[in-house]
Amino acid sequence: MNLSTVIGITLGIVLVVGAIFLGGNAIIFLSAQSIMIVLGGTLAGTFVSFSLEDLKAIPSLLKISFTNEPIDSHNIIDILVDLAKKARKEGLLTLEQDIEEIDDPYLEKGVQLVVDGTEPELVKDIMETKLAYMESRHSKGSKIFSQMGALSPAFGMIGTLIGLIQMLSQLDDPSKLGSGMAVALITTLYGAFLANLFFIPLANKLKVKSKEEIIIKELMIEGILSIQAGENPRIIEEKLKAFLPEEQYVEEEAEEQVDTSKVVGENA
Amino acid sequence: MNLSTVIGITLGIVLVVGAIFLGGNAIIFLSAQSIMIVLGGTLAGTFVSFSLEDLKAIPSLLKISFTNEPIDSHNIIDILVDLAKKARKEGLLTLEQDIEEIDDPYLEKGVQLVVDGTEPELVKDIMETKLAYMESRHSKGSKIFSQMGALSPAFGMIGTLIGLIQMLSQLDDPSKLGSGMAVALITTLYGAFLANLFFIPLANKLKVKSKEEIIIKELMIEGILSIQAGENPRIIEEKLKAFLPEEQYVEEEAEEQVDTSKVVGENA
Amino acid sequence: MNLSTVIGITLGIVLVVGAIFLGGNAIIFLSAQSIMIVLGGTLAGTFVSFSLEDLKAIPSLLKISFTNEPIDSHNIIDILVDLAKKARKEGLLTLEQDIEEIDDPYLEKGVQLVVDGTEPELVKDIMETKLAYMESRHSKGSKIFSQMGALSPAFGMIGTLIGLIQMLSQLDDPSKLGSGMAVALITTLYGAFLANLFFIPLANKLKVKSKEEIIIKELMIEGILSIQAGENPRIIEEKLKAFLPEEQYVEEEAEEQVDTSKVVGENA
Amino acid sequence: MNLSTVIGITLGIVLVVGAIFLGGNAIIFLSAQSIMIVLGGTLAGTFVSFSLEDLKAIPSLLKISFTNEPIDSHNIIDILVDLAKKARKEGLLTLEQDIEEIDDPYLEKGVQLVVDGTEPELVKDIMETKLAYMESRHSKGSKIFSQMGALSPAFGMIGTLIGLIQMLSQLDDPSKLGSGMAVALITTLYGAFLANLFFIPLANKLKVKSKEEIIIKELMIEGILSIQAGENPRIIEEKLKAFLPEEQYVEEEAEEQVDTSKVVGENA
Amino acid sequence: MNLSTVIGITLGIVLVVGAIFLGGNAIIFLSAQSIMIVLGGTLAGTFVSFSLEDLKAIPSLLKISFTNEPIDSHNIIDILVDLAKKARKEGLLTLEQDIEEIDDPYLEKGVQLVVDGTEPELVKDIMETKLAYMESRHSKGSKIFSQMGALSPAFGMIGTLIGLIQMLSQLDDPSKLGSGMAVALITTLYGAFLANLFFIPLANKLKVKSKEEIIIKELMIEGILSIQAGENPRIIEEKLKAFLPEEQYVEEEAEEQVDTSKVVGENA
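Protein chains in written order, with our numbering: chain A, 63 to 330; chain B, 63 to 330; chain C, 63 to 330; chain D, 63 to 330; chain E, 63 to 330.
Be careful, since some hints might not be right.
It does not matter which identical chain is used: a pair holds within one copy or between any two.
What the hints assert, rightly or not - As a list, the in silico EDC-like pairs of lysine to aspartate or glutamate whose alpha-carbon atoms are at most 20 Å apart:
id : residue 1 : residue 2
1  : Lys273    : Glu190
2  : Lys186    : Glu115
3  : Lys205    : Glu300
4  : Lys205    : Asp166
5  : Lys269    : Glu197
6  : Lys118    : Glu274
7  : Lys202    : Asp178
8  : Lys202    : Glu275
9  : Lys118    : Asp134
10 : Lys186    : Glu280
11 : Lys273    : Glu115
12 : Lys202    : Glu293
13 : Lys205    : Glu299
14 : Lys147    : Glu284
15 : Lys202    : Glu274
16 : Lys125    : Glu115
17 : Lys202    : Asp134
18 : Lys205    : Glu274
Keep in mind the hints are simulated off the structure, nothing from the lab.
Input sequences plus hints: build the corresponding full structure.
Spelled out as structure tokens, the structure:
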């Protein structure tokens, strides 16, 4: 569970729905037609903007936004330092046994390449190409949501324009102007609400998560290449710690009983 | 057929036209004058923004957006690996026979250069110059549509202003204010609708497609240069696979009967 | 004549003026005060934004936008290849005779440097510095118009606010509200129209033209340096053709009677 | 105390609250519901946009914005030059004694690395990685506030839409339209006020402070590496002074009694 | 005197004030409260956005915008070429005598470094660091004004919202709606006017001026390093002329009586 996403969305819905109920007459805020125009129009524009393949990623993008897999950078550093120690003592080939236990497929791939005796230059090349491609896929994911965040207020306005035009052109009784405008404005409300509580923030969350992941991957590349080069594990640790904020590591060291496999990520 | 473009545009039109018909009085939404100002004005601004040469590309840009030619990166990798194997066994010159069968003109050109015995540095230079130029042409194509996406709501507003000024200045009977405003707002509606269902999403689709194509071309450059350098086909495959998402390749390998020429692209 | 600029502006004016005349009462759309505020205010803000020297370039920027000097890249390639052939056969010094006939001052300068026996590194340096500076001047030209495109709707709104405030504060007879608002809105209309038919599209046209010119200049640098290095003319041609789209060159070759000096540019 | 933040916020509140009180009827501007929607909605959207870890940094980001720790670049240069002199006379190892007295943890770390005999290449690597990571954390901090600055006017508008819809749909007595709209508009006012006096300016302040800090850190890297390379202290001073504006240093030298430890930062 | 700034601001004020007086009732456009909210609010937001140190630069930024010190690039080139000739004939050390006469402190510093026998690599390093830092200070100056340009319409709207809420909530007599709205709109007018005639254009002028200065400084670095390397003065001149537009230099040469110290800058 990604707590912040769940808290944020719950809070936003409770507040807005609460404000609506406090005003009495809540039923007027429900409009199937408005939902159709805003959600449908946003979806339509998104279909035109991306390919079916890209859109198939939406469920997994939502899953990433709602589930929490905090990346534990300390754990990764510890794993890399352990591998470095072993490689130094018993040779690079013995790392083969540890590959199974590595959770992260990217790190696994890197260690596999090293064990296979791939040239360092090629390992770097492959790992960086993989990272660059991953980054471009992530950025596409985030762009799908920010595109939706731009389209939904636009279709909200389109719905309101349709409503206004219909209402104004049939207006016989000026006293109905008020209620007619109320109905027309609901679509704008839907568009603004969807964009500002869902689409734009979700696009941002995906962007933030992607940046975190890239830092971790860069740390892994650094670590793998250092292991392959047979560098001193102490120096490797020093180098990798530079990727983390000072405070974080200090805190960490303060906890006496460091349990590598359980440490919770604290990526401030 | 690019399914997502067709689905999106159909869905968007059905929804908006549906909402209009549900409101009764649909005829009021048709206005030749509004279409003239919005479409004509957008076209006029686009003519000033670009050259005739650039605008001649619009039909082919639309064709690219509406037709689907999914790039099958696996297929490309397989072709490159096959060429690498052959080149290693029988020499670079024998690749001449395979050039005919290569569909992609860019890849064909690259292999031709290698067969002609062009210096590796020059091959790289030519291929990268071609790619850079192609990228800049693609980006111009996408900019034509995003410019139209910016101009069409602007001319929508211009049309509404003209309508409002005419209506307000002749207003004798305040009861006609409503219907007058309704007519004036239609131009804004047209502008917003065209921008958000067509121009902006199409600009985005072209941008996305261009990025995909560039990755494939970069993969081709990498492959061609590796073949020319006489690298091990297994290593070439490893390098090129780094351009694809992990999952995609795994899926691929799961399918036992790999038929190189039919594999459908799954560029997630 | 730059056809697209002329067509676009004519079309835009005809459409908007047409829509105004169709509505009858066209005289109300003329307002000297509105023109003064919008055009004058835009000019005032532009004066503050740039220096007199920069603004002196406006007439020549307009001339560039309205006159068409399509850059014929094939012609340039042919000239460069011819020079390369001659230099190879008869020596670099004999190029002196051809300098006179070169129209483009940039290319002329480059060949002059080569004939003067300037070091290749220095030729590259000088040509690239000239190009970078030219690019920065072009970008300033385009920014003058895009700044005007941002200022004119703003001063349109300022004029409308002034009109509204005057009208509302003197409002005795509510029945005059309509015609007062009509007058006030004219300034907004002027601002939006000027920005979207003139300033923003002209800024874009200048940007597009600049990019084209830069590609041609880069092609020239590549060509000049290759000539100086005494490279094979066939290879030079190959390298320079990489700057052009594939189709373009094919078309070209299809025309049997290639007349180097007359080929019309087809910079798609 | 960061004087400018405190002055700015006080001034802004005094002016706006003053204008409200001058208009009499100030009580109408208090609305718990509006605060709930604007602040709550902004918070909700921010929760969705970032992770809990990121949001935990808000208090310390506020502290950075409100407290003033002017970075005294002269002091840093003096410290570095002193260290350089000592290192030259008595050897790098003797710097160990001075580490305790260095306030800045980043500089301390750098000197520690040098004292430990770390390879120059590795020192540079570690210091630059730390700086890059710090920069990315800073930029995230500033983005939290600019995201809030974008969300708060949006939720202001959402609140106003809700109010308008409720008011218009229940409107029996047109004479109440005025007061109803007044209430609805308060939420927009809150959103605009929060964004333009708090969120957007605070985001900017954090960005400006981060840039200053990065320049100082770059100066430190330059200094540390020069010390390690055993460069002439006079030359080191010359190099580091290039990071400061001319005037600043001149002023500095004018003050006869330079007291290294007290000089107040004048980062113009 | 920077003519364009003075002309622009005078023109803008005359036009807008003229339009106000033409409408009669000009007194209504004066509102101390509106000025307080717009100017005060903008200032408040700017204080929060920047540090006191940064804001102290505002007067000198205004001075830069209003006074004209056209940079005479020809003069600079002539000085550099003269120095190059002297250095070649009489040795680098003799340049010491000329330092006094150099007006530009940046150029002076560079020549001083060369005379002091500083290593070329270090001269380049110091000059480029100084330039980079200067650029970042300039960009901060321009950002102060563009931030004000964003804040002033926002506080204009805030003032109008306050006015509207007060007016609407006390509205007993609907006939006063007009004059109340007129008063409320004045704040929006102030905000828009300040932003579009002052803040945004001044930010732009500073940006343009900074770019010009950077080009000149880059030209100086190129010149100083060439002098130090003992390059041929004719070649140095050739290299430096590449920084200027072609026409400018031609014009220059056309004037027979070139008086190096008086030539007026024509930085088109």
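Lys186 and Glu115: within-copy, between-copy, both or neither at 20 Å Cα:
neither (29 Å within a copy, 31 Å between copies)
Using 20 Å as the alpha carbon limit, work out where Lys202 and Glu293 are close: within a copy, between copies, both or neither.
Cα proximity of Lys202 and Glu293: none, with 37 Å in one copy and 33 Å across.
Check Lys205 against Glu299 for me: Cα-Cα at most 20 Å, and say if that holds within a copy, between copies, both or neither.
neither (36 Å within a copy, 30 Å between copies)
At 20 Å max between alpha carbons, let me know whether Lys118 reaches Asp134 within a copy, between copies, both or neither.
Cα proximity of Lys118 and Asp134: across copies only (17 Å, versus 29 Å in one copy).
Classify it for me, Lys205 with Glu274: is the Cα-Cα distance of at most 20 Å met within a copy, between copies, both or neither?
Close inside one copy (17 Å) and across copies (15 Å); limit 20 Å.
Evaluate Lys202 and Glu274 at a C-alpha cut-off of 20 Å and name the case that applies: within, between, both or neither.
both (16 Å within a copy, 11 Å between copies)
Check Lys147 against Glu284 for me: Cα-Cα at most 20 Å, and say if that holds within a copy, between copies, both or neither.
Classified as within; 15 Å inside a copy, 33 Å across copies.
Should Lys269 paired with Glu197 be assigned to within, between, both, or neither, using CA atoms and 20 Å as the limit?
both (10 Å within a copy, 16 Å between copies)
How would you classify Lys202 and Asp178 at a CA-CA limit of 20 Å: within, between, both, or neither?
neither (33 Å within a copy, 39 Å between copies)
State whether the alpha carbon distance between Lys186 and Glu280 is at most 20 Å within one copy, between copies, both, or neither.
both (11 Å within a copy, 17 Å between copies)
Between copies, within a copy, both or neither: which fits Lys205 and Asp166 at Cα up to 20 Å?
neither (25 Å within a copy, 29 Å between copies)
If the cutoff is 20 Å on CA atoms, where do Lys202 and Glu275 land: within, between, both or neither? Let me know, please.
both (15 Å within a copy, 14 Å between copies)
Of the numbered hints given earlier, the model fails hints 2, 3, 4, 7, 12, 13; all others are met.
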